[in-house]
Amino acid sequence: MCLAVAGELVSISEHADPLWRMGDVCFGGVLRQVSLACVPEARVGDQLLVHVGVALTVLEPEP
Amino acid sequence: MSRAKALLEQIHRITTQPWTLMEVCGGQTHALLRHGIDQLLPPEITLIHGPGCPVCVTATARIDQALTLAAQPDVILCSYGDMLRVPGSDGRDLLSLRAAGADVRVIAAPLDVLALAQRHPERQVVFLAVGFETTAPATALLAQHALAAGVSNLRLLVAHVRVAPVLDQLLGDPHCAVQGVLAAGHVCTVMGEAEYVDLAARHRRPIVITGFSAEELLAGILACLRQLEQGEHRLENAYASAVNANGNGAARVLLERVFEPVDTPWRGLGAIRAGGYRLRAPFDQLAIASPDQGSSETSEDCCPSGLVLQGLLRPNQCPSFGSRCTPDTPLGAPMVSSEGACAAYHRYQH
Ligand code: SF4
Numbered sequence: 000m001c002l003a004v005a006g007e008l009v010s011i012s013e014h015a016d017p018l019w020r021m022g023d024v025c026f027g028g029v030l031r032q033v034s035l036a037c038v039p040e041a042r043v044g045d046q047l048l049v050h051v052g053v054a055l056t057v058l059e060p061e062p
Numbered sequence: 000m001s002r003a004k005a006l007l008e009q010i011h012r013i014t015t016q017p018w019t020l021m022e023v024c025g026g027q028t029h030a031l032l033r034h035g036i037d038q039l040l041p042p043e044i045t046l047i048h049g050p051g052c053p054v055c056v057t058a059t060a061r062i063d064q065a066l067t068l069a070a071q072p073d074v075i076l077c078s079y080g081d082m083l084r085v086p087g088s089d090g091r092d093l094l095s096l097r098a099a100g101a102d103v104r105v106i107a108a109p110l111d112v113l114a115l116a117q118r119h120p121e122r123q124v125v126f127l128a129v130g131f132e133t134t135a136p137a138t139a140l141l142a143q144h145a146l147a148a149g150v151s152n153l154r155l156l157v158a159h160v161r162v163a164p165v166l167d168q169l170l171g172d173p174h175c176a177v178q179g180v181l182a183a184g185h186v187c188t189v190m191g192e193a194e195y196v197d198l199a200a201r202h203r204r205p206i207v208i209t210g211f212s213a214e215e216l217l218a219g220i221l222a223c224l225r226q227l228e229q230g231e232h233r234l235e236n237a238y239a240s241a242v243n244a245n246g247n248g249a250a251r252v253l254l255e256r257v258f259e260p261v262d263t264p265w266r267g268l269g270a271i272r273a274g275g276y277r278l279r280a281p282f283d284q285l286a287i288a289s290p291d292q293g294s295s296e297t298s299e300d301c302c303p304s305g306l307v308l309q310g311l312l313r314p315n316q317c318p319s320f321g322s323r324c325t326p327d328t329p330l331g332a333p334m335v336s337s338e339g340a341c342a343a344y345h346r347y348q349h
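Line order of the protein sequences matches chains A and B.
Each residue of the first sequence is one higher than the one before, counting from 0 in numbering that gives the first Met the number 0.
Each residue of the second sequence is one higher than the one before, counting from 0 in numbering that gives the first Met the number 0.
Calculated directly from the structure, the hints in this document are not laboratory data.
Ideal placement from N, C-alpha and C gives every residue a C-beta, glycine not left out.
All the given hints hold, so there is nothing to weed out.
What follows is a list of derived Cβ distance ranges for each label pair:
#1 N243/B with V4/A: 11 to 21 Å
#2 G35/B with D16/A: 41 to 51 Å
#3 G321/B with E7/A: 35 to 45 Å
These stretches of chain B come out as covered by chain A in the derived footprint (C-beta under 8 Å, 3 or more residues):
#4 103-115
#5 130-140
Please model the entire structure based on the sequences and the hints provided.
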């Protein structure tokens, strides 16, 4: 259960409180709603590492 | 030549003497065995599988508590899929309670539990929250949202555990054979480097933050061996694509606001100082108190999982391995969990 999975952020639902900021992340074609509370810097198009519904980091783009 | 092959070659080239490394995380154990990396390393290298599976280390008393709660007719008990098959002290698990009519549900994300509680205001919704520091921020977020939304029928049975304190205890044991540590990449994504810089210095052993792909694992092993061969003991980050030195600031703030460290029993390992989290005020109003926190617990007679989790016994050396204990009839949590060392051996070495 504790591995994190990478996916692309395709849309953001902004919220006044950053704790409630959510986004749609695409994992190999499957869209899931994830919390963006821990990645305030995330932008559409970013690759996110997501774990149990919470994005934990914006992955560095491959060089 | 592929990158993996090049890394393997370098590993063979620099290894001049026997070394014992421990990978902390069960996900890494699985990947190492799945790719056969343990077979491709020089014979001088021994890999010990660490206690890095939160499902496996959840104290039996906490499982028993979840079983008791799930048996109550007004309760919906939710947790991650792996938790449902972990046996309690009487051998029963949540799955068998569900078969007998209890409302036990598998969730993939803690925030889903909030929606469930809002859909069922007439029921008590209990979330058995397990996991390392990687997973705890999601529980912290659930606690924040539940209080903000004023949801009154949601309770948390918190069994979160912390990696650095258990490593501290294992490495401090004079019998500990581990000379170098591959630290769990995703835990460090949240926590950053500081705790591990400290551990590397205090225990005079190299610690390398390592990812999960074959190449990332080989790169971590190479970095660790290089330090050992040169007599160094620093923290090194071989997973910089996902881990920065400070970890995830927002996640750490969440953890700090919602939780406080507490002495916690780890299944098979006994009490670990500051080895877990409990909810702090005001979030403790969501907590189901845990009578066992601060107490110790020894491993069950029939399952020597404590020795496996400390790297003192290889899963296939356990007398029950593959006979009385299989993934279909697990005697202990390391055979249940998809990240458990016994399940990894059974899956990849048969
Ligand atoms: S093989 Fe089964 S009984 Fe033996 S340590 Fe692993 S889980 Fe326990």
